[in-house]
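Undergrad: Take a look at the letters that make up each chain.
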Amino acid sequence: MSELIPTIIAKYNYWIYITLMMIGLYAMIAKNNLVKKIVGMNIFQTAIILFYVSIGVKKGATIPISTGGHGAAHEVVHAADYLNPLPHVLMLTAIVVGVATLGVALALALRIYSRYNTLEEDEILAQIRKK
Amino acid sequence: MKIIGLIITIITGAFLVYAAVDFPAWADPNSPASTYLSPYFIENSMKDTSVPNFVTSLLADYRGFDTMFETTVIFTAGLVCFILLRISGGKEPETRHYRHVLTGVTVTLKEGRKIPASEDFERIDDLWTPPDLIIKTGCRLMIPFIQLFALYVIAHGHSSPGGGFQGGVILGASIILLAISHDLRTALERMREKVVAILCPVGVAIYAGTGTLCLLLGLNFLDYSALASVLHVDPISARSHGILMVEIGVGIAVMTTMIWIYNNISSAGKYNQGL
Amino acid sequence: MSQQYPVLIVIVPLLSAFAISIAGWVNKRLCFPIIVTALGVAVYASVGLLLTVLEKGVVIYHLGGWPPPVGIAYYVDHLNGLVLVVVSLVALLNVIACKKSIELEFPDKAAPFYTLYILMVTGLLGIVVTGDAFNLYVLLEIAALTGYGLLAMGEERAPLSTLNYLYMGTIGACFYLLGVGYLYIVTGSLNMVDIARLLPPLYQSKAVLAAFIICMVGVWLKMAFFPLHAWLPNAYTHAPSAASSLIAPLVTKVMVYVMIRLILTVFTPEFAFATLALNNVVVWLAVIAIVMGAILALAERNLKKMLTFIIVAEVGYMVGGAWLGNRAGMTGAILHIVNDALMTLCVFLVVGNIVYKVKGYAFEDLQGLFRKMPFTMGAFVVGAMSIIGVPPTCGFFSKWYLILGALQAGHYGFVAALIFSSLVSVVLFFRIFEICYYEPFSDHHGHDHPPEPMDEAPLLMVVPLLIVAVILILVGLYTGDIVNHVIKFAIPEGLV
Numbered sequence: 044m045s046e047l048i049p050t051i052i053a054k055y056n057y058w059i060y061i062t063l064m065m066i067g068l069y070a071m072i073a074k075n076n077l078v079k080k081i082v083g084m085n086i087f088q089t090a091i092i093l094f095y096v097s098i099g100v101k102k103g104a105t106i107p108i109s110t111g112g113h114g115a116a117h118e119v120v121h122a123a124d125y126l127n128p129l130p131h132v133l134m135l136t137a138i139v140v141g142v143a144t145l146g147v148a149l150a151l152a153l154r155i156y157s158r159y160n161t162l163e164e165d166e167i168l169a170q171i172r173k174k
Numbered sequence: 484m485k486i487i488g489l490i491i492t493i494i495t496g497a498f499l500v501y502a503a504v505d506f507p508a509w510a511d512p513n514s515p516a517s518t519y520l521s522p523y524f525i526e527n528s529m530k531d532t533s534v535p536n537f538v539t540s541l542l543a544d545y546r547g548f549d550t551m552f553e554t555t556v557i558f559t560a561g562l563v564c565f566i567l568l569r570i571s572g573g574k575e576p577e578t579r580h581y582r583h584v585l586t587g588v589t590v591t592l593k594e595g596r597k598i599p600a601s602e603d604f605e606r607i608d609d610l611w612t613p614p615d616l617i618i619k620t621g622c623r624l625m626i627p628f629i630q631l632f633a634l635y636v637i638a639h640g641h642s643s644p645g646g647g648f649q650g651g652v653i654l655g656a657s658i659i660l661l662a663i664s665h666d667l668r669t670a671l672e673r674m675r676e677k678v679v680a681i682l683c684p685v686g687v688a689i690y691a692g693t694g695t696l697c698l699l700l701g702l703n704f705l706d707y708s709a710l711a712s713v714l715h716v717d718p719i720s721a722r723s724h725g726i727l728m729v730e731i732g733v734g735i736a737v738m739t740t741m742i743w744i745y746n747n748i749s750s751a752g753k754y755n756q757g758l
Numbered sequence: 010m011s012q013q014y015p016v017l018i019v020i021v022p023l024l025s026a027f028a029i030s031i032a033g034w035v036n037k038r039l040c041f042p043i044i045v046t047a048l049g050v051a052v053y054a055s056v057g058l059l060l061t062v063l064e065k066g067v068v069i070y071h072l073g074g075w076p077p078p079v080g081i082a083y084y085v086d087h088l089n090g091l092v093l094v095v096v097s098l099v100a101l102l103n104v105i106a107c108k109k110s111i112e113l114e115f116p117d118k119a120a121p122f123y124t125l126y127i128l129m130v131t132g133l134l135g136i137v138v139t140g141d142a143f144n145l146y147v148l149l150e151i152a153a154l155t156g157y158g159l160l161a162m163g164e165e166r167a168p169l170s171t172l173n174y175l176y177m178g179t180i181g182a183c184f185y186l187l188g189v190g191y192l193y194i195v196t197g198s199l200n201m202v203d204i205a206r207l208l209p210p211l212y213q214s215k216a217v218l219a220a221f222i223i224c225m226v227g228v229w230l231k232m233a234f235f236p237l238h239a240w241l242p243n244a245y246t247h248a249p250s251a252a253s254s255l256i257a258p259l260v261t262k263v264m265v266y267v268m269i270r271l272i273l274t275v276f277t278p279e280f281a282f283a284t285l286a287l288n289n290v291v292v293w294l295a296v297i298a299i300v301m302g303a304i305l306a307l308a309e310r311n312l313k314k315m316l317t318f319i320i321v322a323e324v325g326y327m328v329g330g331a332w333l334g335n336r337a338g339m340t341g342a343i344l345h346i347v348n349d350a351l352m353t354l355c356v357f358l359v360v361g362n363i364v365y366k367v368k369g370y371a372f373e374d375l376q377g378l379f380r381k382m383p384f385t386m387g388a389f390v391v392g393a394m395s396i397i398g399v400p401p402t403c404g405f406f407s408k409w410y411l412i413l414g415a416l417q418a419g420h421y422g423f424v425a426a427l428i429f430s431s432l433v434s435v436v437l438f439f440r441i442f443e444i445c446y447y448e449p450f451s452d453h454h455g456h457d458h459p460p461e462p463m464d465e466a467p468l469l470m471v472v473p474l475l476i477v478a479v480i481l482i483l484v485g486l487y488t489g490d491i492v493n494h495v496i497k498f499a500i501p502e503g504l505v
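Protein chains in written order, with the working numbering: chain A, 44 to 174; chain B, 484 to 758; chain C, 10 to 505.
This is chain A alone, in the form it adopts within the complex (with noise of 0.2 Å):
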């Protein structure tokens, strides 16, 4: 029980991210509306987002910037001064296709919209079912 307390503690950026992804996720299944899934899917990947961002961080470090300015090619860098800069990269590509994929997913929603009049899952389905 004793070790059991800080394991928690030191890793409470993984159970944010479990806790994020699990309410976008039951979102999506559960939910009707269909905007209220799209609202669920960009909670999912934006704790994906989170989850990455939050493997960049060391202790003790700063932003990944060198402080040196553009002056200073020959300045010795250390490592151990910087964040991590790959996850930053690799989460702004995952920002800009949630952002697509977001675009895409409304403009299909209103698709769905201008032709039933309405959103909700089962009042749709009842729609296409009486056809």
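To be clear, the hints were calculated from the coordinates, so they are not data collected in a lab.
Worth double-checking, as some hints may not be accurate.
Said to hold, decoys possible - Simulated crosslink set (DSS-like; lysine-lysine; CA at most 30 Å straight-line):
1) C:K109 / B:K753
2) C:K37 / B:K677
3) C:K368 / A:K174
4) B:K753 / C:K368
5) A:K174 / C:K314
6) B:K530 / A:K102
7) C:K118 / A:K174
8) C:K366 / B:K485
9) A:K173 / C:K366
10) B:K485 / A:K74
11) C:K368 / C:K109
12) A:K173 / C:K215
13) A:K54 / C:K215
14) A:K173 / B:K485
15) B:K485 / A:K79
16) B:K753 / A:K79
17) B:K753 / A:K174
18) C:K118 / B:K753
19) C:K118 / B:K677
20) A:K173 / C:K314
21) A:K102 / C:K215
22) B:K677 / C:K109
23) A:K74 / C:K314
24) A:K174 / B:K485
25) C:K37 / B:K753
26) C:K366 / A:K174
Chain A is fixed; fit chains B and C onto it per the hints.
TA: Same frame as chain A, but now just chains B and C:
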């Protein structure tokens, strides 16, 4: 469905928690992710590319190929919104509303009717609220500064947080602000649909074209050091300039895509009136 | 120039996408020549690449001049060399065959449609050629987003089924991304070969196990592996014919390729098959997939939807074959990627031709088609024979290897499922032949109705279809060469 969802969620969550036990603790400087590749980028970015912002050098050079496709993803999203929503033909709606500026009287026109061409009448949206002088003037004043800041963010991405994506979004936001504070027609007069739709692929093509230029100059795709012979600089500065070139392409593509998506979604593809 | 082939395969379609998009606003007639030229170059480059690989072994290309693991590398061996040729060839034949129907269905949106089409092909080719786990994710999303756009352009219900596909596809891609993140957190690398080098000491780690399972579930979602298949039938059925005959043959097959690549290169067969001992579970899932796919197909009264359920069953073949964990099963799975892409293309092009002429694909619409469209139906018979598995069509040979692998592994359930699904296919297709053979009932009883004249689809649609049908037989006849010269080297020595 709710119970199934709950069960799936709990099983997945429990599995992820089970796996997370083996992970290094948060902010551990000795984790494999922080010790294997990332020191190379941090220590060699200045030597390889003379870019002090490691994220920029990594984004646009070491992993520039990813970023090119990332820009393509943006372009794809704009194009998908266009193909799904745009109602072509540009037909006018059945009823149009005009407001007589001097008296404030609203005139509703049925299809086919015309109004005498004069400065006194202005076209208004169906759900029209009276123009708010403070908002309109405030936005008109702010937009040039927003755009200036966007250009700074694009150009200064080498040595401070920023770059093509961020700057492009700010540029796009300035036009969207115009559409929100005035109306969609005003924004479309500034950035016509055809201009947006052509600039978007041009922006991504600048990126891919820079890479192809390197290929034609005899090195691998996106190896900016090949540009040294064209730009008359040493290979390391050439990498820095190559990054700037692709950032400009990214900025154009992102700006136009933001506007494109906004125009299509806010008017449901009709392009007659926005939100 | 030949050392640039790996990147040309991706770059030429990508640049042409922008050219098409701009040409759409300037002169729409330029779009089709550009797309055909670009895909032609891609086919040429991928064939050249496959020949180079056969001659000299693995080709590695450093993008941006950075050696891996610092930069992104393209890594082409026998496996993806073969899949590249198939993907680019299918895309080229399909675009030629679908020109008429694209212009008929989207008179004023042909240019954006072509742009999305070629971007999708770019994405799929990029997935196949890349050697970087994260680069694969980005291209996966390009292929997915363009796919949503193409599928949603179809009938009235298409946007709804596409939105469901979007939800499932996003979960799948995010799971894959998460799995890559887990690998990154334990190894610090993103290059596939480099990860494989760093993994062996970590095989006992829970994180690696989780990474493997999450990646697999993500890829299964994307390939519609039963029970994660719910999005596929509706999305493919309501799509425009040009889109479904591109997406149905390629997307699921490329995802199977990704799964095989992850098993063979990233996690290595020793981990996937020996350490985990999940084989039996997955193969039984595949058995259920095959049986359920066949039964659900039997329940359909609609040609296109029936074919989509056959795809679900075919995915079961490939997943099951790959997870049998022996050389014959893996050979069968890889061979089936090639064969299934070609035969799915064949039957979906037939559906495209029927829709073009008859404007429907329910069983009632098919009456009298053997007389009306003899060439199209001839190709359909070849495609159907291949799906059933009649020699000398290619479908027989991949099934042969799959059954061989199942017998070696002692998995008789899989053998039974394969035979059961073949028998169901016989019923399915002969039922359709029967409907197509007889003329529709005449409305005027007792009067001799003159039979309808031949009304074949345009030449531009029929010729590519017949080429595909011929390829189906040719691949069947040359199966031995493909297996001995290509697939044999694609599977690592360790797998017996």
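Undergrad: All the hints need checking, so say for each whether the structure fits it.
TA: We went through each hint and held it up to the structure:
| no. | hint | verdict |
| --- | --- | --- |
| 1 | C:K109 / B:K753 | holds, 28 Å |
| 2 | C:K37 / B:K677 | holds, 14 Å |
| 3 | C:K368 / A:K174 | holds, 19 Å |
| 4 | B:K753 / C:K368 | holds, 29 Å |
| 5 | A:K174 / C:K314 | holds, 19 Å |
| 6 | B:K530 / A:K102 | holds, 25 Å |
| 7 | C:K118 / A:K174 | holds, 29 Å |
| 8 | C:K366 / B:K485 | violated, 45 Å |
| 9 | A:K173 / C:K366 | holds, 29 Å |
| 10 | B:K485 / A:K74 | holds, 8 Å |
| 11 | C:K368 / C:K109 | holds, 14 Å |
| 12 | A:K173 / C:K215 | violated, 50 Å |
| 13 | A:K54 / C:K215 | holds, 15 Å |
| 14 | A:K173 / B:K485 | holds, 25 Å |
| 15 | B:K485 / A:K79 | holds, 14 Å |
| 16 | B:K753 / A:K79 | holds, 25 Å |
| 17 | B:K753 / A:K174 | holds, 28 Å |
| 18 | C:K118 / B:K753 | holds, 15 Å |
| 19 | C:K118 / B:K677 | holds, 14 Å |
| 20 | A:K173 / C:K314 | holds, 20 Å |
| 21 | A:K102 / C:K215 | holds, 25 Å |
| 22 | B:K677 / C:K109 | holds, 26 Å |
| 23 | A:K74 / C:K314 | holds, 27 Å |
| 24 | A:K174 / B:K485 | holds, 28 Å |
| 25 | C:K37 / B:K753 | holds, 22 Å |
| 26 | C:K366 / A:K174 | holds, 25 Å |
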